[in-house]
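Generate the whole structure from the sequences, applying the supplied hints.
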Amino acid sequence: MGVVHLAVAPDGSLVAVKVLRPWLVGGRDGRNRFEREVAALQKVRGPRVAEIIDADVNGDPPFVVTRYIRGNPLEKVVADHGPLRGDALARLAAGLAQAVATVHAAGVLHRDIKPGNVLLTDDGPVLIDFGLARAVDETRLTATGLVIGTPRYLAPEIVAGHPPSTATDVHGWAATVAFAATGRPPYGDGHDSVVLDRIRRGEFDLAGIDDRLASILARALAGDPGYRPTLTEVRHHLGSDPDATVVVSSAPENTTRPAAPPPAPAPPPAPTEIVRPAGPPTRVDYVPAPPQARPARIPESLAQSSGHPGQHQQRPAPRSG
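In my numbering, the protein residues as written are 915 to 1235.
Careful, some of the hints might be misleading.
Listed next, with one range per pair, are the computed distances between beta-carbon atoms [unchecked claim]:
#: 1; residue 1: His1105; residue 2: Ala1074; range: 30 to 38 Å
#: 2; residue 1: Gly1122; residue 2: Pro961; range: 29 to 37 Å
#: 3; residue 1: Gly1140; residue 2: His919; range: 36 to 44 Å
#: 4; residue 1: Tyr1141; residue 2: Gly996; range: 41 to 49 Å
#: 5; residue 1: Ala1020; residue 2: Ala1128; range: 24 to 32 Å
#: 6; residue 1: Gly926; residue 2: Tyr1141; range: 43 to 51 Å
#: 7; residue 1: Gln956; residue 2: Pro987; range: 17 to 25 Å
#: 8; residue 1: Glu989; residue 2: Ala1128; range: 17 to 25 Å
Everything labelled a hint here was simulated from the structure, so no lab data went into it.
Just so you know, even glycine gets a beta-carbon here, dropped at the ideal spot from N, CA and C.
What follows is the structure in structure tokens.
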């Protein structure tokens, strides 16, 4: 959408200036709509988002000023150091959910949540560029029929041409966390048309992710937006503290939305006899069941003398006719 410059504000603080490409905001009507959108975005405030400080959409060129975040994009961190694990992954998942909730609380949709729009800092993840995709889409690109967003992280409803909702950003949250945990986009790589087809079919890949985290990600990536959890459910599942060191809390998940029936339980294993010592138990000895009895072997001498059928003899093949 433009080029970002590091700049110094009048008070001496560092800021990021995003200079937009003029054709994105269109003519006078487009710039007026864009100005209204940016005014709404300035209401978003929180430690997990890069707030918009100032903007001049009527300038030549138009630009937006945001708080400068000292950190690296999630995309680069994973490329340089591999997927996130343990506490780092937990902090990302919870912190990003908090950021998206902050954006929604101001009545704004992000619509383009992806690894490149998440900066990792010493204090946790920070979401950038919130709402700018919507601001542009509401002005110039809607008339051209173009789709705003990165194909690998688009929600199925956007691919199908339906309007976005808060559930669209929940999908973006899950797709970004899945990338952080595996180092690969959830819908794989390849030509855009191939990736978009996988998105339409709901063919996402969560292999290698902890089952407890994968369960909430799978719901959040569902093709039906109504099946996806709310951000409240997501944060409850992860834990309310964005700096938590656990991925999933033990509290039961809110089940107000429809859930898929649980798989049939596997049959219990065959019981194993356990012998416990009389004193304080320090170990448990597992005694295997006795092997099945086998027929006693008859010595060859007896078998030869008695013609016992157990004797190994090669019988002639029956003749035909």
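**Asked** Between glycine 1140 and histidine 919, does the C-beta distance stay in 36 to 44 Å?
**Response** For histidine 919 against glycine 1140, whose Cβ atoms are near 42 Å apart, the range 36 to 44 Å holds.
**Message:** Taking 24 to 32 Å as the stated bounds, is the beta-carbon spacing between alanine 1020 and alanine 1128 within them?
**Reply:** holds, 30 Å
**Asked** Has the hinted range 29 to 37 Å been met by the Cβ atoms of glycine 1122 and proline 961?
**Response** Between glycine 1122 and proline 961, where Cβ atoms are some 31 Å apart, the hint holds.
**Asked** Taking the CB of tyrosine 1141 and the CB of glycine 996, does the distance hold inside 41 to 49 Å?
**Response** Cβ of tyrosine 1141 to Cβ of glycine 996: about 32 Å, so the range 41 to 49 Å is violated.
**Message:** If I claimed the Cβ atoms of histidine 1105 and alanine 1074 lie 30 to 38 Å apart, would that claim hold in this structure?
**Reply:** Between histidine 1105 and alanine 1074, where Cβ atoms are some 19 Å apart, the hint is violated.
**Asked** Between glycine 926 and tyrosine 1141, does the C-beta distance stay in 43 to 51 Å?
**Response** The hint (43 to 51 Å, Cβ to Cβ) holds, given that glycine 926 and tyrosine 1141 are roughly 49 Å apart.
**Request:** Could you see if the CB distance from glutamate 989 to alanine 1128 stays within 17 to 25 Å?
**Result:** Taking Cβ atoms as reference, glutamate 989 and alanine 1128 lie about 21 Å apart, which means the hint holds.
**Asked** Is 17 to 25 Å right for how far apart the beta carbons of glutamine 956 and proline 987 are?
**Response** holds, 23 Å
Of the numbered hints stated above, those contradicted by the structure are hints 1, 4, listed in ascending order.
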